[in-house]
Amino acid sequence: MARTMTGAEIVMKALQDQGVEHIFGYPGGAVLPIYDELFQQEKVKHILVRQEGGALHAAEGYARSTGKVGVALVTSGPGATNAVTGLTDALMDSIPLVCITGQVPTHLIGNDAFQECDTVGITRPCTKHNWLVKNVNDLARIIHEAFYIAKAGRPGPVVIDIPKDVQFATGNYVGPSNIAHKTYKPRVKPEPTAVRDAVDLIASAKRPVFYTGGGVVNSGPKASQLLREFVRLTGFPITSTLMGLGAYPASDRQWLGMLGMHGTYEANLAMHDCDVMINIGARFDDRITGRIDAFSPGSKKIHVDIDPSSINKNIRADIPIIGDCAYVLEEMLRVWKAKAPQIDKIALKSWWKEIDSWRARKSLAYTNSTEYIMPQYACQRLYELTKDRDTYITTEVGQHQMWAAQFINFEEPNRWMTSGGLGTMGYGLPAAIGVQLAHPKSLVIDVAGDASILMNIQECSTAVQYRLPVKVFILNNEYMGMVRQWQQLLHGNRLSESYTEALPDFVKLAEAYGWTGMRCDHPADLDDAIREMINTKGPVIFDCRVAKLANCFPMIPSGKAHNEMLLGENVSDEEVSKAIGKEGKVLV
Amino acid sequence: MINTNPQTHYAGPALRQEVETRTLSVLVDNEPGVLARVIGLFSGRGYNIDSLTVTETEHEKHLSRITVITRGTPAVLEQIKHQLERLVPVHRVRDLTFEGISLERELALVKVAGKGEKRIEAMRIAEIFRAQVVDTSLEHFVFEITGKPGKIDTFIGLMTELGLVEVSRTGIAAIGRGAAAM
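Chains as they are written, first to last, in the numbering used here: chain A, 1 to 588; chain B, 589 to 770.
To be clear, the hints were calculated from the coordinates, so they are not data collected in a lab.
All residues carry an ideal CB built from backbone N, CA and C; glycine is no exception.
Take every hint as true, because none was put in to throw you off.
What the simulated footprint calls covered on chain B by chain A, stretch by stretch (three residues with Cβ under 8 Å from a Cβ of chain A suffice, anywhere in the stretch; the number is not a length):
| no. | stretch |
| --- | --- |
| 1 | 620 to 626 |
| 2 | 658 to 668 |
| 3 | 676 to 687 |
Here are the simulated lysine-lysine pairs, DSS-like style, with alpha carbons at most 27 Å apart:
| no. | chain 1 | residue 1 | chain 2 | residue 2 |
| --- | --- | --- | --- | --- |
| 4 | B | K669 | A | K189 |
| 5 | A | K182 | B | K669 |
| 6 | A | K222 | A | K339 |
| 7 | A | K206 | A | K339 |
| 8 | A | K300 | A | K206 |
| 9 | A | K185 | B | K669 |
| 10 | B | K669 | A | K151 |
| 11 | B | K649 | B | K669 |
| 12 | A | K300 | B | K669 |
| 13 | B | K649 | A | K134 |
| 14 | A | K301 | B | K669 |
| 15 | B | K649 | A | K185 |
| 16 | A | K151 | A | K43 |
| 17 | A | K182 | B | K649 |
Selected chain A positions facing chain B (in silico; Cβ < 10 Å):
| no. | residue |
| --- | --- |
| 18 | G121 |
| 19 | H129 |
| 20 | N130 |
| 21 | L132 |
| 22 | I149 |
| 23 | T183 |
| 24 | Y184 |
| 25 | S310 |
| 26 | I311 |
| 27 | N312 |
Take these sequences, add in the hints, and give me the full structure.
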């Protein structure tokens, strides 16, 4: 049944019909009609951020911690351009977002009108799809299509650009059930023969490893359950990318820790020396593979991915399987149980023995201090004191992010929100706000660096406005630590612009926003201070003063292979400065 | 440093493959921005376009057909196909070269100016190539020529000697042989 209403009414009705409860946004001239409709209803709650970039990251945190589509609403021109970083971030990390942007009236488009920009042009390469709605009668269909495209297949961000005159015009509304997309129908169920081949290969493995990624988390909680069942059934070791942490419990014996540039020794060596690699929902990113031509040279590779373009993009797959992780794992389990294959237990035992010898190297070990707080120690204590609570962790980007990934363990998916693909500094605080909104009773901590946190510090105001008790745990070393680490590795320790000479007093900054500010600079005081942070009712900035020159190890220097890792304990400054060769220097 | 291995941004020896030329036929919804999406994909991911033609082919269904001639190693060509298929308004992508010898035609308008013997020679060659004269004065011809791209290249090459002024080419339109549609 078509009903007539204004474009702005259609937007609100469509959001309500999509079950949207929260949207993150910032008003402006070109979205005023939508904000007026928002004012006159109660189903959709709007969260006013302090900069549009914050709205997008908050929507990402909300989406990633709930599995729902995150929604943002911004105005034309600068509103839309400020959204670009968040859209690109969501595209890289496959986060479902719908971003509605206002646009100047149709007759002014192309006239360089006030606050006009070519939003669909600018956001075309950083969205899954985008629309400029020129006819109000297309609006409802496009919004419902947008939600479908954001979450179907490999999830991602979409933009709907709505000129102001279309928001005022009257047109027909159609409900979500009347929408069927004519071209976009991604495959979710796997090819049965490919699954059977994969099961045969897995059963014949002597040195297998599971390598899983964000695709398992994106697929939903069922995929994680099935993964756990399958991995335990086989008894094989498992590692995961940064994006996939939590899909498999870190406390389990079969868990090797994260792999990749700052992954564990045992995870990377297992990848290098395996004979069968079972990639489920990961994309062979350059942070994982290191040097491509030396990547796991002796293995046959199974690659499960919902996106056909991920297959053979970086690494050739011997058995590609296109499909949603949950469907694929379900089918794999079914075939495995039906075949009940005999695995080579003796080979597996000696493979585990080898892995245990790598584990014994304790690659995450660091030299602790009684005088300074080591950043690794801070993350460890934060984990120990929060692990029995209902905790969600977000991060910014840099050394603190890698330490958090290494030392904070996750038992469940959707508990870890970080900017993996794009590496966006300033992601963590707004993301934590989105997470806290979705989980008001939980403990939400943004593990931050002193440089990153300043990139979206204005969102402290948002947390206060909506009574969101997020905790920001800053590992403060006064440096852009990861930049400094790379300058040490690559550029003769010339620390060009990576030292922040004028940091704010984070305690006073917190108080200025109406937060609680805390500072700790001694390891003996750390536990009590962390407890105090947790027990404080409102939002807290915790300025944790850590050792200034600590570096993040282990590390695969760029241009090197998995078996050429630098381990932290015994690496000299000399080795660090020579670790990356001429070829590696040009890489990021 | 120049990365001699386009397979990966990691320098050094990896699998080396020969560069091939392929003709892709892409059926898309004729909606605003669809061409920009396709072209943006090629430029954004560093793929080559040798020739590109696009126009609406089925008006009632709002369908357009884009013909792209592209170059790359087999691995890159496979990526191009998958990346195109990932675009929301794309219905189908067919690699016409991979599926057999496709029909490929192009049209060119070739302006030649000159007098005397060269002018007569230009006309004679145009007849051999079955090019039509579509505009003329006492000092110039505009020829319309259709055919395979190689034929047009040869014709233009000959005209260079005989007073070639300028050329406009449509780019290649291609279609698969046989009774079936893509």
